[in-house]
Amino acid sequence: MEKYVVQMKNITKNFGNYKANDDISLELKQGEILALLGENGAGKSTLMGMLSGLLQPTSGDIIINDKIVRMESPREAKKLGIGMVHQHFMLIPAFSVLENIILGDEPLKAGRINYKQAAADITLLAGKYHLEIDLNAKVRDITVGMQQRVEIMKALYRKANIFIFDEPTAALTPQEIKQLMKVLRTLAAEGKSVIFITHKLKEIKEAADRCVVIRMGKLVDTVEVSETKEESLAEMMVGHKVNFAVKKQETDQGKEIFRIENLNVEAHGQLKLKNLSLTVHAGEIVGVAGVDGNGQSELIAAITGLQKVKKGVIMLGDKQLQQQNARKIAAAGIGCIPEDRQNIGLILPLTIAENLVLKSYYKQPISNKGFLNYKRINEDGRALIEKFDIRSQSEKELVEDLSGGNQQKVIVAREINAHPDLLIAANPTRGVDIGAIEYIHEKIVEQRNSGHGVLLVSFELEEILKLSDRVVVMHEGQIVGEIDPRRTSSEELGLLMAGRKIAE
Amino acid sequence: MSFSTILMTVFSTTLIYAAPLIFTALGGTFSERSGVVNVGLEGMMIVGAFSSTVFNLSCGNIFGNATPWLSLLIGGVFGLLFSILHAVATINCRANHIISGTVLNLMAPALCIFLTRVFYNGKGQTPVINQSMGTFTFPGLADIPFIGKILFTKTSLAAYVAVFIGGVSWFFLYRTNIGLRLRSVGENPMAADTLGINVAQYRYLGVLISGALGGVGGGVMAQSITLNFSASTISGQGFMALAAMIFGKWNPLGATGAAIFFGLAQSLPIIGGYVPILDNMDSVWFQIAPYAITIVVLVIFLGKSVAPAADGQNYIKGR
Numbered sequence: 001m002e003k004y005v006v007q008m009k010n011i012t013k014n015f016g017n018y019k020a021n022d023d024i025s026l027e028l029k030q031g032e033i034l035a036l037l038g039e040n041g042a043g044k045s046t047l048m049g050m051l052s053g054l055l056q057p058t059s060g061d062i063i064i065n066d067k068i069v070r071m072e073s074p075r076e077a078k079k080l081g082i083g084m085v086h087q088h089f090m091l092i093p094a095f096s097v098l099e100n101i102i103l104g105d106e107p108l109k110a111g112r113i114n115y116k117q118a119a120a121d122i123t124l125l126a127g128k129y130h131l132e133i134d135l136n137a138k139v140r141d142i143t144v145g146m147q148q149r150v151e152i153m154k155a156l157y158r159k160a161n162i163f164i165f166d167e168p169t170a171a172l173t174p175q176e177i178k179q180l181m182k183v184l185r186t187l188a189a190e191g192k193s194v195i196f197i198t199h200k201l202k203e204i205k206e207a208a209d210r211c212v213v214i215r216m217g218k219l220v221d222t223v224e225v226s227e228t229k230e231e232s233l234a235e236m237m238v239g240h241k242v243n244f245a246v247k248k249q250e251t252d253q254g255k256e257i258f259r260i261e262n263l264n265v266e267a268h269g270q271l272k273l274k275n276l277s278l279t280v281h282a283g284e285i286v287g288v289a290g291v292d293g294n295g296q297s298e299l300i301a302a303i304t305g306l307q308k309v310k311k312g313v314i315m316l317g318d319k320q321l322q323q324q325n326a327r328k329i330a331a332a333g334i335g336c337i338p339e340d341r342q343n344i345g346l347i348l349p350l351t352i353a354e355n356l357v358l359k360s361y362y363k364q365p366i367s368n369k370g371f372l373n374y375k376r377i378n379e380d381g382r383a384l385i386e387k388f389d390i391r392s393q394s395e396k397e398l399v400e401d402l403s404g405g406n407q408q409k410v411i412v413a414r415e416i417n418a419h420p421d422l423l424i425a426a427n428p429t430r431g432v433d434i435g436a437i438e439y440i441h442e443k444i445v446e447q448r449n450s451g452h453g454v455l456l457v458s459f460e461l462e463e464i465l466k467l468s469d470r471v472v473v474m475h476e477g478q479i480v481g482e483i484d485p486r487r488t489s490s491e492e493l494g495l496l497m498a499g500r501k502i503a504e
Numbered sequence: 001m002s003f004s005t006i007l008m009t010v011f012s013t014t015l016i017y018a019a020p021l022i023f024t025a026l027g028g029t030f031s032e033r034s035g036v037v038n039v040g041l042e043g044m045m046i047v048g049a050f051s052s053t054v055f056n057l058s059c060g061n062i063f064g065n066a067t068p069w070l071s072l073l074i075g076g077v078f079g080l081l082f083s084i085l086h087a088v089a090t091i092n093c094r095a096n097h098i099i100s101g102t103v104l105n106l107m108a109p110a111l112c113i114f115l116t117r118v119f120y121n122g123k124g125q126t127p128v129i130n131q132s133m134g135t136f137t138f139p140g141l142a143d144i145p146f147i148g149k150i151l152f153t154k155t156s157l158a159a160y161v162a163v164f165i166g167g168v169s170w171f172f173l174y175r176t177n178i179g180l181r182l183r184s185v186g187e188n189p190m191a192a193d194t195l196g197i198n199v200a201q202y203r204y205l206g207v208l209i210s211g212a213l214g215g216v217g218g219g220v221m222a223q224s225i226t227l228n229f230s231a232s233t234i235s236g237q238g239f240m241a242l243a244a245m246i247f248g249k250w251n252p253l254g255a256t257g258a259a260i261f262f263g264l265a266q267s268l269p270i271i272g273g274y275v276p277i278l279d280n281m282d283s284v285w286f287q288i289a290p291y292a293i294t295i296v297v298l299v300i301f302l303g304k305s306v307a308p309a310a311d312g313q314n315y316i317k318g319r
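Going down the list, the protein sequences come from chains G and Y. 1 is the number of the first residue of the first sequence in full-length UniProt numbering; add one for each residue after it. 1 is the number of the first residue of the second sequence in full-length UniProt numbering; add one for each residue after it.
Heads up, some of the hints might be wrong.
Stated by the list, open to error - Once the Cα atoms are required to be at most 20 Å apart in a straight line, the calculated DMTMM-like pairs of lysine to aspartate or glutamate come out as:
| # | chain 1 | residue 1 | chain 2 | residue 2 |
| --- | --- | --- | --- | --- |
| 1 | G | 202 | G | 462 |
| 2 | G | 79 | G | 106 |
| 3 | Y | 304 | G | 132 |
| 4 | G | 218 | G | 235 |
| 5 | G | 116 | G | 134 |
| 6 | G | 200 | G | 250 |
| 7 | G | 178 | G | 132 |
| 8 | G | 466 | G | 476 |
| 9 | G | 178 | G | 491 |
| 10 | Y | 317 | G | 76 |
| 11 | Y | 317 | G | 132 |
| 12 | Y | 317 | G | 72 |
| 13 | Y | 304 | G | 106 |
Claimed, not checked - Simulated DEER-style distance windows between Cβ atoms:
| # | chain 1 | residue 1 | chain 2 | residue 2 | range |
| --- | --- | --- | --- | --- | --- |
| 14 | G | 108 | Y | 160 | 27 to 33 Å |
| 15 | G | 279 | Y | 176 | 54 to 60 Å |
| 16 | G | 442 | Y | 305 | 48 to 54 Å |
| 17 | Y | 232 | G | 320 | 56 to 62 Å |
Stated by the list, open to error - Where chain Y lies over chain G, by a calculated footprint (3+ residues, C-beta under 8 Å):
| # | stretch |
| --- | --- |
| 18 | 68–82 |
| 19 | 111–123 |
Everything labelled a hint here was simulated from the structure, so no lab data went into it. By construction, the Cβ of each residue, glycine as well, lies at the ideal position given by its N, Cα and C atoms.
For reference, chain G alone in the conformation it holds in the complex (with noise of 0.2 Å):
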């Protein structure tokens, strides 16, 4: 009989009324990888915060090596072997990588930090391992990849044997995803166990052994891996078949709408986008790759006016935009689904229907001498819950109780409806959940096929190729290459975001 490292029994988990665990039970293996697979807000999240003693089940048994816990916080989670990657990385940036490790376990020798001896220990770890980390530098300097091993030192050193990773692969590029799959794996063939949460099928396919399943608080089923099809994993997770291609009809794309020309924009004191051109014709989508941080989101500050440009030009048609304020601009006829929707797309202590008229509030008939017209405001916010399926209690629910897909969808629904000639789409389906992100692509889609353009900058690089007509990536605040996302790979756009050049 196999080893079990971990036994989760009848899991249930409620917060007040609400089962976000319903009776789940799930085993690991020594020296195996498992993929937790489900939507966001399937729970995948609560069973693992339980796993790392974050959070403690209503009922059902935790058993790890064969011994029933009860874990009341992290700090016993970890004395029992378990070590969790978070998918927002818990570094102090302003430390060095080995202050980053060794924080709450500091070997000490006379009263003072013994630097030296920890930086063999870790040293001799990192080569056990092959994780290639820089202990010296700060964490602040480093790449996404390295702070990610960083963190998976963290929990080396900590002598974890059971590994959990929430969505690891958010961030990376697809090179550094693969560096990550050979870690998991080098893991796994020293004997330690990982669980790995994810919705990408892709990865699981090519790291997993075995994949559980989630949907709504539920167990659908626990599969191997390699006996199973994507297809089939995606319909486990979503309920219902998965529609993956968009309808894309043949645009006329002669028209240029918007150009930008030698744009150089400057943020805190570094020159962040350098002589960037680029240009969006009618009844196209114009797909930005890259990895986080070369100039994406400096290129979409200095396009709606929150960026002071320093040189170059941006014109919509023939009206120029740069120095312009972001109202102008936005009244110009530029939509965007900013990246960061918590904090510049949304307002949330406001309502729905205040957060929709939030780019014609100041016009009418929503105000009038001043004074804003709230029937009209909450009549439009009704017809537009309606219209863009946002799913909502009423039209004055406050925008922070929604969802993350529904409050995406209540800003998609204030930019598709003002009508821009261009809208810009930052990231628009990061973190949410399969229904919305193919219901946002369908409304992106449709932008362009009533012959408006569409500038979208996204992470995902199944997002961009998927919906793109053309690719141009980004790599230190310069477009160094363009592809046709019809004729390409993802290694190709990779290396490209790494920053080499297409060999002509």
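For this one, chain G is given, so just place chain Y on it according to the hints.
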């Protein structure tokens, strides 16, 4: 006056005025490194100045020469007790740090003047203390030619102690595990929490050390400069210390250096009278100078120096 005498005067006056600022700026550094903004330093100094003066007046004849130093300890203890209010408000009740600090600053003078009236027959200020912290000449070191006269003759021993504590503070924050953890909760409390570090505990440590050092700073002010306690004993020194902490980039050594610089600014009204060219200027300019310099330094450096990442942010578990 000879050149070396002028230098000696400038240097010792600077140190006398710098001493309270160094202690208090170090206090601010501890608090803000742990993530709690401390604009209540002024209030903590007031409490320290008051309590140390009362101790000095009541026990001066028992302890003799040692009284001022014991008074500082008393000032530190009461500063620490007073800072518990700030710790409870910000760490347990998650109050806004600026508001809580402002409350301390409003409360301290009211409370201390009220108590002064109760203790000293309704007068708004205490009598002058008998056992004050005089100047100190280092035996041996003072005989070093030139330097000995400038640095080690008739100078402020409290300032040297303060500088020493600055060094100790640096060692504590940057070389010990407790220091590393204290800084970690000021940078990313959630990360620290996931590593089993008790965020509240380390923030308490930061705030209480801050209160103690702020109290000592207030005590030094009363024992060596004003020599009694009144409403004007502490007049902005807490904010200057805060400015010194920012100027010093939240680093104990930087804060110490910056506090000495502000000490120089504060001593200008006195030095002005001695230095040949300056003594013709209207003294009002020297009176204004310390405050003006504080504002200018803050304007120039506040935007540039980087505060601990989670400074001023309350930590709510599970978010």
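Any hints from earlier that this structure breaks? Give me their numbers in increasing order, please.
Violated hints (numbers, rising): 3, 6, 8, 11, 13; every other hint is consistent with the structure.
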